[in-house]
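Using the hints, position chain B against chain A.
The lines below spell out each chain.
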Amino acid sequence: MSAINLKANEVQIREVRLGSITGFSGKASELVGCARKGKLGDRGRSFTQCLGCSTSNAACTVILIQDGAVISHGPVGCSSCFHEFAFTYLVNGGNRGLDAPTQRRIFSTNLGERETVYGGNQILADSIREVYARTKAKAIFIVTTCASGIIGDDVSGVADEAEAELGVPIVPIFCEGFRSKIWTSGFDAGYHGIARKLIKPPVNKQPDLVNIVNFWGADIFTELFGRLGLRPNYLTPYSTVDQIAHSSEAVATIQICATLGSYYGAALEQLYGVPEIKVSAPYGIAQTDRWFRELGRMTGKEKEVEVLLAEEAERYLPRIAELRERLKGKKAHVTAGASHGHALIAILRELGLEVKGASIFHHDPLYDNGAISADALQNTVQDYGEVPRYSVCNKQEFELVNVLNRERPDILLARHGGMTLWGGKLGIPSLLIGDEHFGMGYKGLVNYGEKILDTIENDEFVKNLARHAINPYSSWWFKQAPDAFMKRGEE
Amino acid sequence: MGKKTKQLAIYGKGGIGKSTTTSNLSAALADMGYKVMQFGCDPKADSTNTLRDGSYIPSVLELLRDKSNVDAHDAIFRGYNGIYCVEAGGPAPGVGCAGRGITTAVQLLKQQRIFDELELDYVIYDVLGDVVCGGFAVPIREGIAEHVFTVSSSDFMAIYAANNLFKGIQKYSNSGGALLGGVIANSINNSFQEKIVQDFVERTNTKVIEVIPRSLTVTQSELGGKTTIEAAPTSEQAAVYRELARRIDEHEISHVPAPLEAAELRAWASSWADQLIAQETGEVRGVRASI
Numbered sequence: 000m001s002a003i004n005l006k007a008n009e010v011q012i013r014e015v016r017l018g019s020i021t022g023f024s025g026k027a028s029e030l031v032g033c034a035r036k037g038k039l040g041d042r043g044r045s046f047t048q049c050l051g052c053s054t055s056n057a058a059c060t061v062i063l064i065q066d067g068a069v070i071s072h073g074p075v076g077c078s079s080c081f082h083e084f085a086f087t088y089l090v091n092g093g094n095r096g097l098d099a100p101t102q103r104r105i106f107s108t109n110l111g112e113r114e115t116v117y118g119g120n121q122i123l124a125d126s127i128r129e130v131y132a133r134t135k136a137k138a139i140f141i142v143t144t145c146a147s148g149i150i151g152d153d154v155s156g157v158a159d160e161a162e163a164e165l166g167v168p169i170v171p172i173f174c175e176g177f178r179s180k181i182w183t184s185g186f187d188a189g190y191h192g193i194a195r196k197l198i199k200p201p202v203n204k205q206p207d208l209v210n211i212v213n214f215w216g217a218d219i220f221t222e223l224f225g226r227l228g229l230r231p232n233y234l235t236p237y238s239t240v241d242q243i244a245h246s247s248e249a250v251a252t253i254q255i256c257a258t259l260g261s262y263y264g265a266a267l268e269q270l271y272g273v274p275e276i277k278v279s280a281p282y283g284i285a286q287t288d289r290w291f292r293e294l295g296r297m298t299g300k301e302k303e304v305e306v307l308l309a310e311e312a313e314r315y316l317p318r319i320a321e322l323r324e325r326l327k328g329k330k331a332h333v334t335a336g337a338s339h340g341h342a343l344i345a346i347l348r349e350l351g352l353e354v355k356g357a358s359i360f361h362h363d364p365l366y367d368n369g370a371i372s373a374d375a376l377q378n379t380v381q382d383y384g385e386v387p388r389y390s391v392c393n394k395q396e397f398e399l400v401n402v403l404n405r406e407r408p409d410i411l412l413a414r415h416g417g418m419t420l421w422g423g424k425l426g427i428p429s430l431l432i433g434d435e436h437f438g439m440g441y442k443g444l445v446n447y448g449e450k451i452l453d454t455i456e457n458d459e460f461v462k463n464l465a466r467h468a469i470n471p472y473s474s475w476w477f478k479q480a481p482d483a484f485m486k487r488g489e490e
Numbered sequence: 000m001g002k003k004t005k006q007l008a009i010y011g012k013g014g015i016g017k018s019t020t021t022s023n024l025s026a027a028l029a030d031m032g033y034k035v036m037q038f039g040c041d042p043k044a045d046s047t048n049t050l051r052d053g054s055y056i057p058s059v060l061e062l063l064r065d066k067s068n069v070d071a072h073d074a075i076f077r078g079y080n081g082i083y084c085v086e087a088g089g090p091a092p093g094v095g096c097a098g099r100g101i102t103t104a105v106q107l108l109k110q111q112r113i114f115d116e117l118e119l120d121y122v123i124y125d126v127l128g129d130v131v132c133g134g135f136a137v138p139i140r141e142g143i144a145e146h147v148f149t150v151s152s153s154d155f156m157a158i159y160a161a162n163n164l165f166k167g168i169q170k171y172s173n174s175g176g177a178l179l180g181g182v183i184a185n186s187i188n189n190s191f192q193e194k195i196v197q198d199f200v201e202r203t204n205t206k207v208i209e210v211i212p213r214s215l216t217v218t219q220s221e222l223g224g225k226t227t228i229e230a231a232p233t234s235e236q237a238a239v240y241r242e243l244a245r246r247i248d249e250h251e252i253s254h255v256p257a258p259l260e261a262a263e264l265r266a267w268a269s270s271w272a273d274q275l276i277a278q279e280t281g282e283v284r285g286v287r288a289s290i
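Top to bottom, those sequences are chains A and B. Note that numbering that gives the first Met the number 0 has the first sequence beginning at 0, numbered continuously upward. Note that numbering that gives the first Met the number 0 has the second sequence beginning at 0, numbered continuously upward.
So here's chain B without its partners, still in its complex pose:
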């Protein structure tokens, strides 16, 4: 006890690279000398794979299925550089209640005071993309994570998901819940994509905390069951993740975001879509049109 644990939650649309980003962030923070726990909150229970050479670990809910009295220590596994890996797990697709599963798993660790006992510097919740019910909002409620970071590409569906998450954060912000630290722009290949994300964060009163390019190094590393930080520590991509970790480590104050209303978001998206089409078709606009 005594030590203040920084608790983060990483959200974003499914398949956008949350687990990749989170695992690299955990690895980079661990390399900086911090004690880190990565807590996967997805029924697939694969958040921490690349921290453990691609291997799966038994999830909290798998253990609870076998016996009602689970020692939380049995659900904690060490990964790369000593990172504590936990997977909440959940029911099989199409049955039961995954949201309640997250509530149960998080409560189990809280009740057994694991976060205090391990004297962690960081707990990072990697949460299933869409906040479809109350259970998935558990990590952003009072007393769990303080800062939320959203992973988003410039893809409109990813931005829609981020905007939805902002609504959730706004809702809980009055009752002491987590606030938004910023957006991690992922899979960004060109400045146009970066501009889309940049414009979105400006309109929603937040910021881009780091821009992460799409990279083959990441794919190669993951195919080897490792994070980029572990598999290619000297690569450019690893340097980007280290910079992300450094910025998050320096990050102190989060804010309430200002999500766009559905109609606003549609209008905003279609304005960018027009520009996108113009770029694709080679239409010349703006200042250059008069040249």
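Extracted from the complex, chain A is given alone in its bound form:
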């Protein structure tokens, strides 16, 4: 278990804190088997294409907070991903009860040569005041960059001074890209800042409030939890600063994607005694039943949970059985971030598909709570069996293309924009679902099953595309093993 240390400005990076890795190629069971036998070996690569930056993941945790504002302290290019989260906020607002989502308040100090040489403290101090004057935000987040980190700007000092003057939390988030090669370290950096500055000690415990650390999935929990007499507190996208402050008053914290909310959940449990659910998220029937029962136990709603599960089973199992019949024997490949990728594998297996392989961006052998019962890959393998070609691919598209060309699955399932096009170019029906709640519970299996069927049956577009697509990779590359550029031993 990693100890939450709010005294330090910076969170420890994920590879150090959790022993996470970005390079593996083998069977899923091998990776699970190695997980707690010392430190996982990370293979490293002699060639890679570009990949994400922690800044983006840190921005993801704060830009969608309704009444916050975000300043990137660095050259303006370091904030070039911010607009994606502003777009996400606008288009998904309706799913979360925001009929008129406001423009996101995103800024950059636009560090130039001059500030890099003479120091960026002043421009940051001025920017905070300017942003506050313009937005009257309830909290201002400062996302650091490589430039500010290397020149050693005193971001914490400047933030504290402005906080004393303005009377709203000014939250520094230390997510310099050079610190970690695992971009999800940015999530941890964001939540570390939030835990230091926003979460308040509980005043009145709210026994029906359950924290949900998630992205921007549609609100399915108000209805589901309503049947249990519970209320969801979605964190942090679409939440308010006040909601975050009171998250310490909840009865429990649940994870939609443990690789996202690992640090937030552990911080609430260690600092304020809010227990975190320590089983995998409710994807697939086995995990859905286990997860709801654990939630029932934690909130004293055991009976209500049994009723809910019985109702859901009765309502959806017949349709799930039909879908299984039609999908039986189809082959699939999954590409996604760590824990959500494991969820997608569970969904596919539950629907009777064969998961030939998975290209998962990184791997956490454990999460911050240290619970073996929370290991999502372990649970998926135990519940549904082997994934024969399991690769930790660091979002390296050249490896994905190589694997897809070998496997030629009936469907490619992805979670991130830009990944399905490789399936499309090879004529493989490909499905991208951005809403992480879409596949949850019994209903989620029906949702996915119908979408997958629809995608497989309507393959004319990808077949056509494949006929006309120009493949950027040479035939030489397709003859190499997908992990040919991974090093043999540990990096």
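Warning: the hint list may mix true and false statements.
What the hints assert, rightly or not - Rough simulated footprint, nothing fancy, chain A against chain B, three-plus residues with beta-carbon under 8 Å:
(1) 94-103
(2) 172-183
What the hints assert, rightly or not - Distance condition first, Cα-Cα at most 30 Å in a straight line; then the derived BS3-like pairs of lysine-lysine:
(3) K277/A x K26/A
(4) K36/A x K26/A
(5) K486/A x K38/A
(6) K26/A x K38/A
(7) K5/B x K6/A
(8) K26/A x K66/B
(9) K6/A x K194/B
(10) K38/A x K109/B
(11) K194/B x K109/B
(12) K170/B x K36/A
(13) K355/A x K478/A
(14) K166/B x K36/A
(15) K424/A x K302/A
(16) K66/B x K199/A
(17) K135/A x K199/A
(18) K109/B x K6/A
(19) K6/A x K170/B
(20) K355/A x K450/A
(21) K355/A x K462/A
(22) K199/A x K166/B
Said to hold, decoys possible - Derived CB-CB ranges, DEER-like:
(23) S269/B x V75/A: 55 to 61 Å
(24) T239/A x A91/B: 56 to 62 Å
(25) N204/B x V202/A: 42 to 48 Å
(26) R128/A x E116/B: 56 to 62 Å
(27) V202/A x D115/B: 43 to 49 Å
(28) R296/A x E118/B: 36 to 42 Å
(29) P57/B x P274/A: 53 to 59 Å
(30) V90/A x E118/B: 51 to 57 Å
Treat the hints as calculated values from the structure; they're not laboratory data. Note that the structure is a prediction, hence the values are computed from the model and not measured. Each residue gets a CB set at the ideal place from its N, CA and C atoms; glycine is no exception.
Leaving out everything else, chain B in the frame of chain A:
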């Protein structure tokens, strides 16, 4: 936890005797029964040598060069009288970023809660002379050292460096950073030199915490790889270091200094230079001129 650790940072011009003074201070505090850590913040990584019979220890950044996951305990070595010795280290001269190196090294120990775990009475940062970039100011920022002591001789370049440091302290003082405890006047051989330092501290709103004479005992001890406290514990020089330790131990409240502006400092220096020349040439001035 629970125990309040007193955190000090020692700054001053390169070659002025910071590491010598710091190591003797650490040794004297350890002799007083305190648990002390000396944290060298210089890429040369030689701050703690005389606490360990002249031997070098692997620095935090040397360890980080080999592997990304470093247990901070691997960078902590015991020296004279149990003093915990740590060297931040840094890149080779002319490459990389030594300032970022200090940030990284200090954060590594903070993240692993080493200062709490060891229940230290004192952490003393011995920092490279010139605060050339943001990284070298890390030890005087909020939550690291509370008191800064500057080592300076009466040499004008040393005083310039001290004045520059005062500017840094003034800058960070508003945001909860360290404040100035005083100046340790080093290599002082005569009362004239002492007067120069004294005049400077009065003008900059601080004080001399101890006057340390230049001494062969120090050189002899260091050549033997030891502090004066260890090598010549009964010497006069050791007594001076013990007095320094006692005064620092009693020191409670530090202040914001009032550094001189560049023009002021030049004018001040040239007034002393005139007196210096007068003394060297035997010119008689002041009251005696009328005798």
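Okay, the hints, checked on the actual structure:
1. Look at the segment 94-103 of chain B against chain A: 4 of its residues bring a Cβ nearer than 8 Å to a Cβ of that chain, three or more, so the hint holds.
2. Here's how the segment 172-183 of chain B fares: 4 of its residues keep a CB closer than 8 Å to some CB of chain A, so the rule of at least three is met and the hint holds.
3. For the hint linking K277/A to K26/A, the alpha-carbon distance of about 24 Å falls within 30 Å, and the restraint holds.
4. A threshold of 30 Å between alpha carbons decides the hint, and for K36/A with K26/A the separation of about 16 Å falls inside it, so the pair holds.
5. A C-alpha spacing of about 17 Å is found between K486/A and K38/A, which places the hinted pair at or below 30 Å, so the restraint holds.
6. Between the alpha carbons of K26/A and K38/A the distance comes to roughly 18 Å, so the proposed pair stays at or under 30 Å and holds.
7. Using a Cα cut-off of 30 Å, the hinted pair K5/B and K6/A holds, with the two alpha carbons roughly 16 Å apart.
8. Between K26/A and K66/B the alpha-carbon distance is near 27 Å, which keeps this suggested pair within the 30 Å criterion.
9. A threshold of 30 Å between alpha carbons decides the hint, and for K6/A with K194/B the separation of about 43 Å lies outside it, so the pair is violated.
10. Taking the CA atoms of K38/A and K109/B, the gap is about 23 Å. The hint holds against a cut of 30 Å.
11. Straight-line distance between C-alpha atoms of K194/B and K109/B comes to about 41 Å, which puts the hinted pair past the 30 Å bound.
12. Of the pairs offered as hints, the one joining K170/B and K36/A is violated, with about 50 Å between alpha carbons and a cut-off of 30 Å exceeded.
13. Between the alpha carbons of K355/A and K478/A the distance comes to roughly 19 Å, so the proposed pair stays at or under 30 Å and holds.
14. A C-alpha spacing of about 52 Å is found between K166/B and K36/A, which places the hinted pair above 30 Å, so the restraint is violated.
15. For the hint pairing K424/A with K302/A, the CA-to-CA distance comes to about 50 Å; that exceeds 30 Å, so the pair is violated.
16. Between the alpha carbons of K66/B and K199/A the distance comes to roughly 37 Å, so the proposed pair goes past 30 Å and is violated.
17. With a C-alpha separation of about 21 Å, the suggested pairing of K135/A with K199/A holds against the 30 Å cut-off.
18. Proximity of K109/B to K6/A is assessed by CA-CA distance (about 8 Å); at most 30 Å being required, the pair is judged to hold.
19. At roughly 22 Å between alpha-carbon atoms, K6/A and K170/B fall within 30 Å of each other, so this suggested pair holds.
20. Under the criterion of a C-alpha separation no larger than 30 Å, the hint pairing K355/A with K450/A is consistent with the structure, at around 19 Å.
21. Note on K355/A and K462/A: the hinted pairing holds, with a Cα-Cα distance of about 21 Å set against a maximum of 30 Å.
22. Restraint check for K199/A and K166/B: the C-alpha separation of about 36 Å exceeds 30 Å, so the hint is violated.
23. Evaluation of the 55 to 61 Å hint for S269/B and V75/A yields a failure: the beta carbon distance comes to about 46 Å.
24. Between T239/A and A91/B the beta carbons are some 50 Å apart, a value that contradicts the proposed interval 56 to 62 Å.
25. Against the hinted window of 42 to 48 Å, the Cβ-Cβ separation of N204/B and V202/A comes to about 45 Å, which satisfies the hint.
26. Taken as a hint, the range 56 to 62 Å is violated for the pair R128/A and E116/B, whose Cβ atoms sit roughly 39 Å apart.
27. For V202/A and D115/B, the hinted distance range of 43 to 49 Å is not satisfied, since their beta carbons lie about 28 Å from each other.
28. Checked against the hint of 36 to 42 Å, the pair R296/A and E118/B passes, with Cβ atoms roughly 40 Å apart.
29. Under the hint 53 to 59 Å, the C-beta atoms of P57/B and P274/A, about 42 Å apart, miss the expected range.
30. Taken as a hint, the range 51 to 57 Å holds for the pair V90/A and E118/B, whose Cβ atoms sit roughly 54 Å apart.
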